[in-house]
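Novice: Chains as they are written, first to last, in our numbering: chain A, 10 to 176; chain B, 16 to 160.
Just so you know, these hints were derived from the structure itself, not from any lab. Do not take every clue at face value.
Covered by chain A, according to a simulated footprint, are these stretches of chain B (three or more residues, beta-carbon under 8 angstroms) [what the hints assert, rightly or not]:
1. 28–37
2. 134–143
Chain B residues, not near chain A, derived (Cβ > 12 angstroms throughout) [to be verified]:
3. His19
4. Leu21
5. Arg46
6. Lys51
7. Lys61
8. Thr91
9. Glu107
10. Glu122
11. Lys150
All values reported here derive from a predicted model rather than from experimental measurement. Virtual Cβ for every residue (Gly too), placed ideally from N, Cα, C.
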Amino acid sequence: MVADEILLELLHAELVNYVCSNEPKEKEPSGQLNKHCNLSTLEYFGFSTGYKLIERFTKDWSRFKDELDTIKFICTDFWTSIYKKPIDNLRTNHQGVYVLQDRAFRFMSKISNGTQHLDAAPLYIAFTSGLLRGALANLGINSIVTAEVQSMPACKFHIQVPRNQMP
Amino acid sequence: MAIHNLYIFDRNGSLLFYHEWNRLKQSGMSREEEAKLMYGMLFSIKSFVSKISPLDLKKGFLSYKTNKYALHYLETPTGLKFVLNTDIHASEVRELMKKIYSQVYVEYIVKNPVCRLDEPIKSELFKEKLDELIKQSSYYTAKIA
């Protein structure tokens, strides 16, 4: 089983690499190279992957009670089947904001153990943000997922569910 | 019992990484020159050993020893070369070197998407993990006779 874990890691690394190198290096008005223009492509890859994955993972499940139940499923079963470990910490304000914390996020655990290469962090979490958004979208929750990294390899995903959309 | 220093060379002979723990005598030349000298010597020993050997070689050159230190050499099938200098009493250094390769280099350089394989190693995490492994090993002690 070790082989397919590394396969995902390497494929993801190449995906990031490919998306980055394919993007025309546009100059921003400030004159700096625009590094962030390609994140939406990666995020979209994640979205469609998550959307399809959740279809498969939930085939033996009954309906979820409520939104929190759904998020808990994402944190444990969904996360474990992809990253081989559950989310370390889940917080919510019970008003549609959820914070998922992973202390050793797998795509970054080999990169750095601190702040070195922190500028590369957005590239490696964009796919996963999309993955979360796609999974939730297919479960009927439209959300906005953002991620934050202060020190690798820990990262936090913020899921925001607009309240007026809930039944 | 002591571990002196470690060199890692790539297939083409460029120095990817150098670190020293207990090195009391410096060579008196720049690091690049020293690395070139080291690689040249290894290259010569390798061809010498394979030419002079009366039997078919399986592993080739493994180590040499002076009265003060021992140099251990590990080459992977992909051409990556690890050179570890220890004192002459250290045993099972080969296992340690294989660990450096499989548990540190492969894990934190090969699997690290930010590192390019043909460039000198800059990853702090790699250095940290290497140091950890060396200091855990039974031959590492701070003092040298």
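Novice: It remains to establish, for every hint, whether it holds in the given structure.
Specialist: Hint-by-hint comparison with the structure:
no.: 1; hint: 28–37; verdict: violated (count 0)
no.: 2; hint: 134–143; verdict: holds (count 4)
no.: 3; hint: His19; verdict: 26 angstroms, holds
no.: 4; hint: Leu21; verdict: 20 angstroms, holds
no.: 5; hint: Arg46; verdict: 22 angstroms, holds
no.: 6; hint: Lys51; verdict: 29 angstroms, holds
no.: 7; hint: Lys61; verdict: 31 angstroms, holds
no.: 8; hint: Thr91; verdict: 17 angstroms, holds
no.: 9; hint: Glu107; verdict: 25 angstroms, holds
no.: 10; hint: Glu122; verdict: 7 angstroms, violated
no.: 11; hint: Lys150; verdict: 16 angstroms, holds
The structure does not agree with the numbered hints 1, 10 stated previously, though it agrees with the rest.
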